[in-house]
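Peer 1: For reference, the chains in residue letters:
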Amino acid sequence: MKKYIIETYDLCKKSGNKFRVKDVNLAVPQGCIYGFLGPNGAGKTTTMKLLLGLIQPDGGTVEILGQKMSPRNRFDINMRTGSLIESPGFYGHLTGQENLEIIARYKNLGTADIKEALYTVSLYDRKDDKVKNYSLGMKQRLGIAMALMGKPELIILDEPTNGLDPAGINEIRNLVKSIPEKCGSTVIISSHLLSEVEQIADYVGIINKGKMIYQGLLSELEIGDASLEEVFLEMTKGA
Amino acid sequence: MGIIGNLFIELKKHKRRCNLLLFIAVIVAEMAFLYGNCHGKDGSADGWMMLFYNIPIINCVFFPVAIAGFASRLMDIEHKGEMLKCLYTFSTPQKIFFTKYLYGAICTLILVAMQCGSIILCCGILGFDSNFPLKYLLIHGAITYITCMTLLSIHLLLSFFYRNQALSISVGILGSFTAFFSLVLPESVIQKFLPWATFVTSGFVKMDWNRNTREVKYFLDKPDLTSVFICIGWIVLLTCITLMLLKKSGVEEAEKIKSKRKTTKIALHRRPVEILKLKGSPAWIAFFIVPAISAAIGSVNYISNLSILKEGWYSLWTQHTLFLCYFFMPVIIGIFTGCIWRVEHSGTNMNLLMTHQRPAKIVLGKYAATCFITSVSLIWVVVLYLIAGSLMHIDGELPSGIIQWIGLGILSSWVICAFQVLVSLVIRNFVLPIIIAFLGGFAGLSCIAKDMPYLTPFSLFDLAMNQRELGNANIGTFTLSSVIFIVAFIMISILYLSRSDVRSNE
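Chains as they are written, first to last, in the working numbering: chain A, 1 to 239; chain B, 1 to 506.
In isolation and in its complexed conformation, chain A is listed as follows:
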């Protein structure tokens, strides 16, 4: 039997009377790269926030890293995860290095980890600049560095390649690809760039209008010559 690092059971989240996410049953196997796909406003970010306990579900449960998520043990679980949700968070008036330092303090890491994180996302040369003076792509890199710091068991990245240049996208792709091997972590990555996901993911989940419409191996989804893009567009068209 496969071991799952995340399992959700009939996860629901409402805003007002409308469901933002309805009956989502996610199952993410350990050590894989899980591509989480869906059109804009489908509920990707909401689901990811639910996984991290940042928002409380209106129904259903989340089991993550072998524990049931609740406000009480949220912190213990989150200490074993790294995440980049929505756009990266940062303290603009501090330098890149100081921002990483704050994260390092929270995670009980040392100088070596900060240095490694800066090198990983190629920000070492700009570490003494204030983050508000960073370009969009550099802020994104910083956000990724924060998520990767300390080699957490589970890494959740919400559209990590937003605003990156082609070289940056390539770098991040290679980086994400190497994570399961290097650190043994599991990665959940959401993206609009289907070709990106196609190149790195083992598993995919497709969500549309708050409901999961596919979950399984990427290889099973691509039938015959149809590319992921064609399958995706077909699936999300009518639903």
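In short, the hints are calculated from the structure, not lab data.
If you're wondering where the values come from, they're calculated on a predicted model, not measured in any experiment.
Hints are all accurate, no fakes.
Derived SDA-like pairs: lysine to any residue, alpha-carbon spacing no greater than 25 angstroms straight-line:
hint, chain 1, residue 1, chain 2, residue 2
1, A, K132, B, P282
2, A, K14, B, S498
3, B, K279, A, S87
4, A, K68, B, I494
5, B, K279, A, S135
6, B, K265, A, G110
7, B, K265, A, N108
8, B, K265, A, D113
9, A, K3, A, L217
10, B, K279, A, G110
11, A, K132, B, S346
12, B, K279, A, D113
13, A, K132, B, R163
14, B, K80, A, N162
15, A, K107, B, L353
16, A, K68, B, R503
17, A, K151, B, T348
18, A, K132, B, D76
19, A, K151, B, K361
20, A, K132, B, V343
21, A, K115, B, V273
22, A, K107, B, V343
23, A, K151, B, R358
24, A, K107, B, R503
25, A, K132, B, R270
26, A, K132, B, T348
27, A, K18, B, S500
28, B, K85, A, D165
29, A, K115, B, R270
30, A, K68, B, S498
31, B, K85, A, N162
32, A, K68, B, R358
33, A, K68, B, S500
34, A, K115, B, L276
35, A, K14, B, T348
To spell it out: a stretch of chain B is covered by chain A in this simulated footprint if at least three of its residues, at any positions, have a beta carbon under 8 angstroms from a beta carbon of chain A; those stretches are:
hint, region
36, 276-290
37, 347-359
In silico contact screen, one side only, chain B against chain A (beta carbon under 10 angstroms); selected entries:
hint, residue
38, K265
39, I266
40, A267
No residue lacks a Cβ here, since even glycine has one placed at the ideal position from N, Cα and C.
Fit chain B to the supplied structure of chain A, relying on the hints for placement.
Peer 2: Here is chain B on its own, set in the frame of chain A:
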């Protein structure tokens, strides 16, 4: 599109913002004050004059803050969503500004109308004769409106050109206090140039206080319109300045400055995380400057009133701490907690924070930082007091209870800190918590006056810093009340943070 078309767009933008709620709150607060002040006083014949005498004074405290808050709310929506970038491609800066100005003018008119209505209502509630000539209501309305428009011109200008809304609200609060102080001082030309004081300086009801019989008599006078004309001058001048600035304005991004300092090694900071996050922020300066100003004013006041203030060190302490405790301290604590939560409320930082730290530790960290700076500030007050006292060669011994005063003062200031930490956590807007602190200062004052000092965090602090009142206070009840307040506010903050959904600006 004409300015009217733009106005309708502006109205749409403020849908569900409930901007007028702020004004309604101010009017209600003012009525509560009037009721507390005039209730039970007889003189129903000239009672309306008493109202017309008191209302401008209250206005001069409340309206500047309300208008600053309102102007900042008008502009806040554009700054928060980075909308100016987009708006500048549809419209001219002049149009954007003056549409807002027009919208503000209409809302201010509603505010003044509400005030006029509240006067008649107050007459009814307090049992005063409301058959006074309508003329006076109109004059009062006109004077108030012109003054309010001057203030709006100042604050909208500040809110428009400075993204940081703290500036506008600080100017508002400072103006309100300056005006309030200037009323205590003898009349002078400078007072007439203060737009904040115009509410009072152009009033048409004067008070005659008989020192021997202790009788207060109100009488009508010709309104002194000098300051109203000066206000109109201010409006013209400010409009010219605005036009000039608008002509040059553009949406400039902050310069992308590269740091010149290149270090190869990574040196870690040693300060606590909360303090590190405040690096470069001027929030703490107020904690040192404001007590210094307060001490200076207090010392001057003491020297010039030596004939009345005969208790040496005791009198000096009252003079030093009077305004500081009632008005300034809650506000600067409010600004500080606003600053420390603001960094978390901006962007998606809340996601970051909540995935890295326990809610209890977040709240306690912020609370500890606030308590620390407040305590240092109060010790600074004592140091200033001792310095001023020894410079003036005050006779007699130092008050024996000073250690106790300051101990209780620090304890009760921690109550205000806990309260403000909670308020700034729940209300993501920067300005509203400061207004709450401001109103809280007054609420504390009235609780003291009504002999219910244990009821609000603010009155506890007032009680502790005023030794005359403290003499009668029950230390046990005081401590108990403080501790209950602190625990309650901190628990609510932690529960709120851990149970509610994390909201980010994205």
